[in-house]
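Fit the two chains together into the complex; they arrive one by one in their own frames, and the hints show the way.
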Amino acid sequence: MMLEFKKSMMKVFDITDLGKIRFFLGIEVLQQVNGIYICQRNYAMEVLKRFGMEESNTMMNPIVPDFKAGKIGEGNGIDETYYKQIVGSLMYITATRPNIMFVVSFISRFMARLTELHLQAAKRVLRYLKGTVDYGIFYKKNENKQLVTFTDSDYARDIEDKKSTSGYVFMLSGGAVSWSSKKQPIVTLSTTEAKFVATAACACQAV
Amino acid sequence: MKWIYKTKLNEFGEVDKFKAWLVAKGYAQQHGVDYTDVFVPMTMMDTVRMIIALVAQRSWLIHQLDVKSTFLHGELSEDLFVEQRKGYEQKGNEHKVYKLHKTLYRLKQAPRAWFSRIEAYFTHKRFMWIT
Numbered sequence: 001m002m003l004e005f006k007k008s009m010m011k012v013f014d015i016t017d018l019g020k021i022r023f024f025l026g027i028e029v030l031q032q033v034n035g036i037y038i039c040q041r042n043y044a045m046e047v048l049k050r051f052g053m054e055e056s057n058t059m060m061n062p063i064v065p066d067f068k069a070g071k072i073g074e075g076n077g078i079d080e081t082y083y084k085q086i087v088g089s090l091m092y093i094t095a096t097r098p099n100i101m102f103v104v105s106f107i108s109r110f111m112a113r114l115t116e117l118h119l120q121a122a123k124r125v126l127r128y129l130k131g132t133v134d135y136g137i138f139y140k141k142n143e144n145k146q147l148v149t150f151t152d153s154d155y156a157r158d159i160e161d162k163k164s165t166s167g168y169v170f171m172l173s174g175g176a177v178s179w180s181s182k183k184q185p186i187v188t189l190s191t192t193e194a195k196f197v198a199t200a201a202c203a204c205q206a207v
Numbered sequence: 001m002k003w004i005y006k007t008k009l010n011e012f013g014e015v016d017k018f019k020a021w022l023v024a025k026g027y028a029q030q031h032g033v034d035y036t037d038v039f040v041p042m043t044m045m046d047t048v049r050m051i052i053a054l055v056a057q058r059s060w061l062i063h064q065l066d067v068k069s070t071f072l073h074g075e076l077s078e079d080l081f082v083e084q085r086k087g088y089e090q091k092g093n094e095h096k097v098y099k100l101h102k103t104l105y106r107l108k109q110a111p112r113a114w115f116s117r118i119e120a121y122f123t124h125k126r127f128m129w130i131t
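Line by line, the protein sequences are chains H and V. In this text, residue positions in the first sequence follow my numbering: the first is 1, and each later residue adds one. In this text, residue positions in the second sequence follow my numbering: the first is 1, and each later residue adds one.
So here's chain V without its partners, still in its complex pose (with noise of 0.2 Å):
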């Protein structure tokens, strides 16, 4: 696990703030071992543009919802440990190890998991697939 630290810039080049963002060093992770499914299906832009045509046909409105943090809501299916952020141990403690309860970015399953958490919302919710 370490800090990543960005600074945003807005439109007129000047900073608009700064970022720190928590991350999990996916490279370390061997497979079989902290991951095995990273499967993720991704949408066809033919599926897309029909969907538009399909709206557009029935007058009907698309709406755009954006999740925040999206890959922090994914659930753990392996017990995954962490080492403490260099700088930042805690005192006395510096040899023990973080257990994960949900993904971070950058961590192999991160995209799979969220796709998990949503599919699992979405059938609770009656949606169907198109296929």
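Here chain H stands alone, though its shape is the one from the complex (with noise of 0.2 Å):
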């Protein structure tokens, strides 16, 4: 069947046959026989080049654990397209690593008005790349076949609004294949509010 649909499109478009998808849109993807691989590991280290940072000593976590930043403060002549270009960056890479969309969400809160703390997190980020641009998703063959949906949040992390962050990922095959973490659009006045309204936008993407 496969082979009768190229023919099919070679008839009428002038094609290429690439035949097993290695690279699409800077991801790889490495179909294996117990299932299949996907990470931007040479986009990782192009990123780490372009921002100069392929040398840095490496960092076992993204951010430190408990870190909070405001927007308050005197933005002192830091180079803002740089961070925003390290932003822009890492957002991306969030394509195959959910394990960092916490803190690129969290860094790309800070645009506006930069301190030395704000990129100092970033290049953190960069620095925990820099160690661990192997990681990707893997997919299992023959897992169960079940969609699990896993959601929270934190609560009145954000030190200027009060406002709560949650966070969902739906897992199939044994690998993530949507993930968000996103500060939440209203206060909250307690946990188990916050908890809900991080339910209820992860039931919006279910649906």
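Bear in mind the hints are in silico, worked out from the structure with no lab data behind them. It cannot be assumed that every hint is accurate.
Here are the simulated DSSO-like cross-link-like pairs (lysine-lysine), alpha carbons at most 30 Å apart as the crow flies [claimed, not checked]:
#1 H:Lys20 / V:Lys19
#2 V:Lys17 / H:Lys11
#3 V:Lys99 / H:Lys11
#4 V:Lys125 / H:Lys141
#5 V:Lys102 / H:Lys11
#6 H:Lys20 / V:Lys8
#7 V:Lys6 / H:Lys49
#8 H:Lys20 / V:Lys17
#9 V:Lys102 / H:Lys7
#10 H:Lys11 / V:Lys19
Since we're looking at a predicted model, the values are computed, not measured.
Below you can see the structure in the form of structure tokens.
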């Protein structure tokens, strides 16, 4: 059937057959006997090079646990463009890296009022990336066929507006397929309410 | 219409090939006159990953095809004319223009026209939308 389709496509359009998929939009796809692995190793290395971090020391985690930062503070001559470029590049890396989703969404909140602290946080993500360029997602063969979902939220993490951050992840064939980490749009009065908001956002995606 | 020249380097930074590329001056097009719809649906990464997960689960394989010079396949729904290329005008016919049958790169409607084309093909082959 595959061959038939390829033949038909070739008749209508001028086509190169690339065979089994290996690259797609900068994502590396490895089709193995026990499943499929996707990662952005090459892209991650390119990003590190672009920001002059390819020789940096690695970090075990992408952010200092319980690190908090606000928008208030004097921006003292930090290269905004440099920061924004880092955030933009990291955003694309979240296509196969749900584990840095929270940090990337966190550092992207400070584009307008930058301080040294924010830049350090962004660079820490890059240093973490340096040690984990091979990370990706593995979808297993014959894994249980159910869609598994997790959702949670923190409570009033933002030091200025006291809004909470919620997240969710959908898993299929043993790998994550859809995820998000987002600051909630409203102020909640209890952890229960914050978690309820998170669940609602998650349910929206499920539908 | 104009020529774009590009020198492609290989991975060692040596000259690999010279490319000449005939493109339309898309920036000179006016909305409502030369083009109307430019909307093209884009793939959501979530959907892509979902498909990969399902493929893995069923022990299928993903194949990849690449359509060469994609945007030249688009059919035009408007009547479009382009000026002759500078320096390449036909003697005695300098004031004449070309009428386009298919889309050129950099035309505003090129992506849209390509989408319509491939969509028609898929529908004809009885492919179904995933929603």
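Structure-based check of each hint:
1. The hinted pair formed by H:Lys20 and V:Lys19 meets the criterion: a straight-line CA distance of about 28 Å does not exceed 30 Å.
2. Proximity of V:Lys17 to H:Lys11 is assessed by CA-CA distance (about 28 Å); at most 30 Å being required, the pair is judged to hold.
3. Of the pairs offered as hints, the one joining V:Lys99 and H:Lys11 holds, with about 26 Å between alpha carbons and a cut-off of 30 Å not exceeded.
4. Simply put, V:Lys125 and H:Lys141 have alpha-carbon atoms about 29 Å apart, close enough for the 30 Å limit, and the pair holds.
5. Only pairs whose Cα atoms come within 30 Å are accepted, and V:Lys102 paired with H:Lys11 is accepted, the gap being roughly 18 Å.
6. Taking the CA atoms of H:Lys20 and V:Lys8, the gap is near 26 Å; set against the 30 Å cutoff, the hint holds.
7. This hinted pair checks out: V:Lys6 and H:Lys49 have alpha carbons roughly 25 Å apart, not beyond 30 Å.
8. A distance of roughly 27 Å separates the Cα atoms of H:Lys20 and V:Lys17; the hinted pair therefore holds under the 30 Å criterion.
9. About 23 Å separates the Cα atoms of V:Lys102 and H:Lys7, which keeps this hinted pair within 30 Å; it holds.
10. Between H:Lys11 and V:Lys19 the CA atoms are separated by roughly 26 Å; this keeps the pair inside 30 Å, and the hint holds.
Of the numbered hints listed earlier, not one is contradicted by the structure.
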